[in-house]
Amino acid sequence: METISHDPQDDDSEISEELVAYLDGELSVEHSRRVEERAAVQPDTRRMLEEFDRTWHMLDELETPATGEDFTRTTLEMVALAAANDAAKLNAEVPRARRRARLWTVAGLTAAAVAGFFLVAAFAPDPNAQLLHDLRLLENYDQYRDIGSIEFLRALSADNPFPKDGAAAAPVPIYNAAETFAQRRKLVEAMTPEQRDDLVKVEGTFRGLSDAERQHWRELHAAIESDPERDKLLTLMNRYDEWFVAQPLTVQSEQQQLKPAPRVAALKKALEKGAIAGAEIRLDEKSRLGLARWVDRYTTEHEAAILQEMARARGGMGRPQGGPLHPNPNAGTEGEAAATLAKLQRKRQIVREWLRHSLQSDNAAQHPVISKEEMDSLRASLSSDVRAKLESHKPEEQQRRIIAGWLRETLSPEFDEQLAEFFATTINKEARDRLMALPIDEMYPELRRMYRQSGGGDGLRFGDQRNRRGGRFGPRGSGGRRFMDNQTPREPSATPEPSGGKESVPQGSAGAKPAEK
Amino acid sequence: VAVSESSARRYALDPDVRLMLEVRDGSATSSAAAFEELVVRYQVRLVRLLHNLVGNRESAEELAQEVFLRVYRSRQQYVPGAKFGTWLFTIASNVACNALRDRNRRPEVNMTGSESGPLGVRPMDRLARDASGAMPERLLDKAELREVVRMAMEDLQPRQRTAVLLNKFEGMSYADIARVMDVSTQAVKSLLSRARQHLRQILGPYLENGAFPHADKELSDSTIGSGGFSTASTD
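Chains as they are written, first to last, in this note's numbering: chain P, 1 to 517; chain H, 1001 to 1235.
If you're looking for bench data, these hints aren't it; they were derived computationally from the structure. Heads up, the beta-carbon is just placed ideally off N, CA and C, and yes, glycines get one too.
Covered by chain P, according to a simulated footprint, are these stretches of chain H (three or more residues, beta-carbon under 8 Å): (1) 1027 to 1040; (2) 1044 to 1054; (3) 1068 to 1076; (4) 1184 to 1197.
Footprint (simulated), chain H over chain P, 3 or more residues, beta carbon under 8 Å: (5) 17 to 23; (6) 56 to 63.
From just these sequences and the hints, can you work out the full model?
Shown next, in the form of structure tokens:
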């Protein structure tokens, strides 16, 4: 630097800037020539240039980190997800716009959805990208089907009929709305094989829906996700769903046919009338097994009285069809045993249905088959906690109705179908031979016991919100569970689980139209 | 941003700019393909820059993804008025700056006050501490050299470090760096000068005789010479 400064440090800085700029090629040709001339005659300048240059080249030693193997993939997925979320947000805004400009809504909705999912497909090379994109939608698919529309959920939110101090709904896994594909992939990777099977099944069902139906559920999902009260809506949805799945099919059907406001009113009415008395009682394992044993014993011991009562009620039309409750124990072939088992199951079904009606009747005194002693015995089969809760409901007719509600689940024909399938396809020949060697009235309880041990449940899934019946698109498989429900993990069973023990939504639902759209 | 037609034409010849225009204007498929190409082209450079800025590989990758996401979300606002790399690294610089600022607001709880600089333990303090006692026996190997260089870089002020990285690894001119960092060209000149003085101060003696700086010596950006170094040798 040719300019002389009075401050030595300023001089150093200026010299340094000049030399560094020279090395970086930032000086003019003339200026560079002057620096070179000075370096030629000034050892200090030359030395500084050399040191700057050498230390600069040492930076080549800095590590150049190789990006992770999946960096590109996760980056693209993340961007695809963001793009889809952007589209979904646009999508969710459309229903509000609908009130103002319906035509624009339809056009915008379609464009947003198409753009979002096309982007996902275009960006993400991972074949699971679509599944990951839809993960949270699929997780809530059952509940979405039960609530049907965002309008109903918002009506519910505006006029929440559930008591604040009532039984709390099962915790809702409120997930991060901005989670990445990588985070979702980790969730799926952490799933058990069974959970993944469930996920794939639900996904298959969802893909089997018509475009309009899928669009409907995507709109609902996006509307909830983008709602300012998203967490509240999700919690409320879960609360409603717990109530919904515990209702008889007739109530479920009625609920789904009503418009949002009358639907909330009907719900409120049902809650006020105590139509779901006992819904707060969650049966523990001891109570489930105790009740199952009581039902088995009762239907066996009181077979004659029940059948007689049934015949009387039918106006003397004789014994119901299906043969005797205790058929020939020496059933010959395997096929005969299976047929006998099927008949026995149907018979048990009829008897238990009658039992439930007896419990549910407004005038139980007209149905003497369930004595006071038997009611005491039934209560004694429950755990002390459940029993105390049950007995807090007065009068006894109320308790009978609660028990009838529990029994409703045991009457599911799906369970007997599961049992038959378990017998026919799951257990090995040795076990089947052993069962067939038993008297038929021992065979059935033993088969149930084996089924329970296999993880297939005990058939008494009352109070279990995962036992879903009669959804919008027809009956659902019993014993299903939400594949992301980490709070109720399920131990893998030692033997294969009967297919009916998992969530199964019939493909036949594909053609149904979503209600309340 | 007003861009002259000639500038736009000139930059449109840049293949990366053309890719970005495809991201902006192309069909969903071609847009996605062009974006993927840009990610592949720039990911290593971007992660390297961010890694050296924030000092952590995992954070660097997360920030790089954030940068790419911003690029995508800003695609409609993209104007080919500059090299694509300049635009990309401008975003990266802002993202890194924000990350460092957030980090400084939440200092590491396991660090004592005396050891903590703006980014935690002062790298040169750590280096001197790690090397103490073992100096005569240690080998001057490549791994050690790399570590020393890394720590020397960490000891730079963030803005100096940004300028160095853009200049050294991205080959950016002072004008481009000024654009990325939103400062004047003269400011870049000053930043780079002070940074290289600092590097020379730390790395020069090490290169000569393996000397490490004293842990208790406060290094100054404006100090020229070897006053900040110990005289330990590597014999």
